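S.K.: Letter by letter, the chains look like this.
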Amino acid sequence: MTAQDHNSFRSGPDEEGRFGKFGGRFVAETLMPLILELEKAWDEAKADRSFRAEMENLWRYYVGRPSPLYFASRLTEHLGGAKIYLKRDELNHTGAHKINNVLGQILLARRMGKTRIIAETGAGQHGVATATVCAKFGLKCVVFMGATDVERQKPNVFRMKLLGAEIIPVTSGRSTLKDAMNEALRDWVTNVEDTFYCIGTVAGPHPYPAMVRDFQSIIGWEAKSQIKHAEGRMPDMLVACIGGGSNAMGLFHPFLDEPDVKMIGVEAGGKGVDTNEHAASLTGGRPGVLHGNRTYLLQDDDGQIVEAHSISAGLDYPGIGPEHAWLKEAERVEYVAINDDEALKAFQLCCEMEGIIPALEPAHALAHVMKIAPDMDEKEIIVLNMCGRGDKDIFTVAEALGIEI
Amino acid sequence: MSRIERRFAKLKDENQAAFVSFVMAGDPNPDIFAKLLKGLPAAGVDIIEVGMPFTDPMADGSAIQLAGQRALAAGQTLKTTLEAVATFRKSNDDTPIVLMGYYNPIFNHGVDAFLTDAKAAGVDGLIVVDLPPEEDAELCIPAREAGLDFIRLATPTTDEKRLPVVLHNTSGFVYYVSITGITGAGSADTEAVEAAIARIKAKTDLPVVVGFGVKTPEQGAELAKVADGVVVGSAIIDTIVGKLDRKGGAKVGLVKNVTAFVKSLADAVHSARG
Numbered sequence: 003m004t005a006q007d008h009n010s011f012r013s014g015p016d017e018e019g020r021f022g023k024f025g026g027r028f029v030a031e032t033l034m035p036l037i038l039e040l041e042k043a044w045d046e047a048k049a050d051r052s053f054r055a056e057m058e059n060l061w062r063y064y065v066g067r068p069s070p071l072y073f074a075s076r077l078t079e080h081l082g083g084a085k086i087y088l089k090r091d092e093l094n095h096t097g098a099h100k101i102n103n104v105l106g107q108i109l110l111a112r113r114m115g116k117t118r119i120i121a122e123t124g125a126g127q128h129g130v131a132t133a134t135v136c137a138k139f140g141l142k143c144v145v146f147m148g149a150t151d152v153e154r155q156k157p158n159v160f161r162m163k164l165l166g167a168e169i170i171p172v173t174s175g176r177s178t179l180k181d182a183m184n185e186a187l188r189d190w191v192t193n194v195e196d197t198f199y200c201i202g203t204v205a206g207p208h209p210y211p212a213m214v215r216d217f218q219s220i221i222g223w224e225a226k227s228q229i230k231h232a233e234g235r236m237p238d239m240l241v242a243c244i245g246g247g248s249n250a251m252g253l254f255h256p257f258l259d260e261p262d263v264k265m266i267g268v269e270a271g272g273k274g275v276d277t278n279e280h281a282a283s284l285t286g287g288r289p290g291v292l293h294g295n296r297t298y299l300l301q302d303d304d305g306q307i308v309e310a311h312s313i314s315a316g317l318d319y320p321g322i323g324p325e326h327a328w329l330k331e332a333e334r335v336e337y338v339a340i341n342d343d344e345a346l347k348a349f350q351l352c353c354e355m356e357g358i359i360p361a362l363e364p365a366h367a368l369a370h371v372m373k374i375a376p377d378m379d380e381k382e383i384i385v386l387n388m389c390g391r392g393d394k395d396i397f398t399v400a401e402a403l404g405i406e407i
Numbered sequence: 329m330s331r332i333e334r335r336f337a338k339l340k341d342e343n344q345a346a347f348v349s350f351v352m353a354g355d356p357n358p359d360i361f362a363k364l365l366k367g368l369p370a371a372g373v374d375i376i377e378v379g380m381p382f383t384d385p386m387a388d389g390s391a392i393q394l395a396g397q398r399a400l401a402a403g404q405t406l407k408t409t410l411e412a413v414a415t416f417r418k419s420n421d422d423t424p425i426v427l428m429g430y431y432n433p434i435f436n437h438g439v440d441a442f443l444t445d446a447k448a449a450g451v452d453g454l455i456v457v458d459l460p461p462e463e464d465a466e467l468c469i470p471a472r473e474a475g476l477d478f479i480r481l482a483t484p485t486t487d488e489k490r491l492p493v494v495l496h497n498t499s500g501f502v503y504y505v506s507i508t509g510i511t512g513a514g515s516a517d518t519e520a521v522e523a524a525i526a527r528i529k530a531k532t533d534l535p536v537v538v539g540f541g542v543k544t545p546e547q548g549a550e551l552a553k554v555a556d557g558v559v560v561g562s563a564i565i566d567t568i569v570g571k572l573d574r575k576g577g578a579k580v581g582l583v584k585n586v587t588a589f590v591k592s593l594a595d596a597v598h599s600a601r602g
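The listed protein sequences derive, respectively, from chains A and B. Here our numbering is used: position 254 in the first sequence is 256, and no number is missing along the way. Here our numbering is used: position 39 in the second sequence is 367, and no number is missing along the way.
Keep in mind that the hints were calculated from the coordinates and are not lab data. In this text, all values refer to a predicted model and were calculated from it rather than measured experimentally. Backbone N, C-alpha and C define an ideal beta-carbon position, used for all residues, glycine too. Incorrect hints may have been included.
As the list claims (entries may be wrong) - Taking lysine-lysine and the DSBU-like style, the derived pairs with C-alpha atoms no more than 30 Å apart in a straight line are:
(1) B:Lys489 - A:Lys48
(2) B:Lys447 - A:Lys23
(3) A:Lys42 - B:Lys531
Claimed, not checked - Short derived list, chain B residues pointing at chain A, Cβ under 7 Å:
(4) Met386
(5) Leu406
(6) Pro433
(7) Asp458
(8) Pro460
(9) Thr485
(10) Gly509
(11) Ile510
What the hints assert, rightly or not - Beta-carbon label-pair distances, calculated as ranges:
(12) A:Asp196 - B:Pro492: 25 to 35 Å
(13) A:Ile405 - B:Thr415: 51 to 61 Å
(14) A:Lys273 - B:Glu522: 56 to 66 Å
(15) A:Arg113 - B:Ala337: 47 to 57 Å
(16) B:Asp440 - A:Phe73: 53 to 63 Å
(17) B:Thr415 - A:Asp196: 44 to 54 Å
(18) A:Glu153 - B:Arg574: 21 to 31 Å
If we strip away everything but chain A, and leave its shape as in the complex, we get (with noise of 0.2 Å):
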């Protein structure tokens, strides 16, 4: 069988794990027979009905799924073109998507009889999910941070904190999330037993960005039927933000297939993809294997990878999940980069016209809205995937502009 049925763009990754060449299962050897493991649990998972209604229950009556698919008429009006809808996973308990996967890995741990959570963590939303998730369920949790990220995290750290995680600053590399990621895996390799580890995102050694995936998709499924209920047909434009990029794959997988549909992932420019300091892994950097995947990485001319650097810390990654590469490479979806200055207009507009406080991560998406709703009909509809809400951004946004709070 070829990697992918060449009729859709949703039947990979194909049995090694791969989306085209992107993908695979580039981990040590110890870590082998524990990744072949998770991904028979997975598949036995998927096959069980009371497995999914355990997360549907819980995304319901505990995250409060579904979110809401919210007309934004004045950002409508004031851009003068596309209608916008927001899709509302900013609601969501713990303030984001991350949530969404972290009770299905959760879940599929108890499942699996590991008593012991590890993840990693750059600006803290998924660390803080996960000890959210591992409190609820009475589970020992081990967050691994950037010592950088501790330092410039602080209201995150004390949630995490509060929850009963035990949060381990990481000082090796250069201290940010990549690190943390390096500092996990070394965890998992040393407590192969009792440990799962909990990715926040569609990256890793397969079956990770598959089944990140899978469970975010819950954001594109509901959007499906809510902009059919709301507009009588699927929307002309979906465009989400892309750290790892487990958000967006969320909201554009199950669209896929859909021909009409357009597809825009928007990656961190930091200060300017012609600078030295920026996240946008697909824009500005080239094909490598990192972190158990094959992918677009951000490296120097020796394979040697290099710092992500962006205004939003979520974002501050220097690679992609393989299935973004696989899609950007078939030309399915479209990824551009916004800058830092750029994402905090946009986050000041959605303050001032919504009443919604986003994300910086979400506000490089409505950057980019901002940049293309003008010149569309006013007939066309755009999704955009609010999937941070802003609270724990207001100290780096005071200061950005100068102000002291």
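Starting from the known structure of chain A, fit chain B onto it as the hints suggest.
M.R.: Here is chain B on its own, set in the frame of chain A:
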């Protein structure tokens, strides 16, 4: 016969285990590294593992992580690592060299170009941590076609069912990782290692060497009684670090100190079987 086969055959005749040392290319800087490398065979090293520095070494403990960072900061690249091997080969044609590291710098260099360049430099084998048997088509099979051994890691999590998969395309020797964990972590229990080696040897004729967590001549000697070879890495790097000043510069006597420690390890391993 390859250099690796010749070395194990010779050791077998002498009833000795192989002493395998790991050093990071370019650590603490390219000049000192070249001197260290050149002195290893005379100190009794049978096989040299040369680390290819990488920014994100996910299976390594802090000693090897920091060694890689020092090397990268000193300007080491995959190209200069291959040049260092080529220079070593000018004065030594019988000590096998195995490059050990991660896949991305090799993939970035281009697999075919890398294999050609490595072969030309005098490299004998490769250990690439993040290429399990599931990814053999990437580098393992092309390497063997190019005449380079692809040495695989077997670990305590490699069970009976999986062991044949791991051994299938392995050549040169088998590297048994004695602990679940990262390099330089806790020590292995000799009895457990002995049982694991017996398990592996039941399925292959290749020599089995043991590494991860071996720190002293005594531990080396202990393992040399049950394995075909013993690898020491982090402890050698710790000796290098002991001779660095605050700014990371090499103090006088670094090469002499490290070489003396390596010799104590090699002597212990070679004399272990009486």
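S.K.: Hint by hint, note whether the structure agrees.
M.R.: Going down the list of hints, with the structure as the test:
1. B:Lys489 - A:Lys48: Cα-Cα ~25 Å, so holds.
2. B:Lys447 - A:Lys23: At roughly 27 Å apart (the allowed maximum being 30 Å), A:Lys23 and B:Lys447 satisfy the hint.
3. A:Lys42 - B:Lys531: 26 Å, holds
4. Met386: Result: holds, 5 Å to nearest chain A Cβ.
5. Leu406: 6 Å, holds
6. Pro433: 4 Å, holds
7. Asp458: The hint holds - B:Asp458 has a Cβ within 7 Å of chain A, the shortest such distance being about 4 Å.
8. Pro460: 4 Å, holds
9. Thr485: 5 Å, holds
10. Gly509: 4 Å, holds
11. Ile510: 5 Å, holds
12. A:Asp196 - B:Pro492: 25 to 35 Å: 28 Å, holds
13. A:Ile405 - B:Thr415: 51 to 61 Å: 58 Å, holds
14. A:Lys273 - B:Glu522: 56 to 66 Å: 57 Å, holds
15. A:Arg113 - B:Ala337: 47 to 57 Å: 51 Å, holds
16. B:Asp440 - A:Phe73: 53 to 63 Å: About 55 Å separates the Cβ atoms of B:Asp440 and A:Phe73, which means 53 to 63 Å holds.
17. B:Thr415 - A:Asp196: 44 to 54 Å: For A:Asp196 against B:Thr415, whose Cβ atoms are near 48 Å apart, the range 44 to 54 Å holds.
18. A:Glu153 - B:Arg574: 21 to 31 Å: 24 Å, holds
Hint compliance for this structure: every hint is met.
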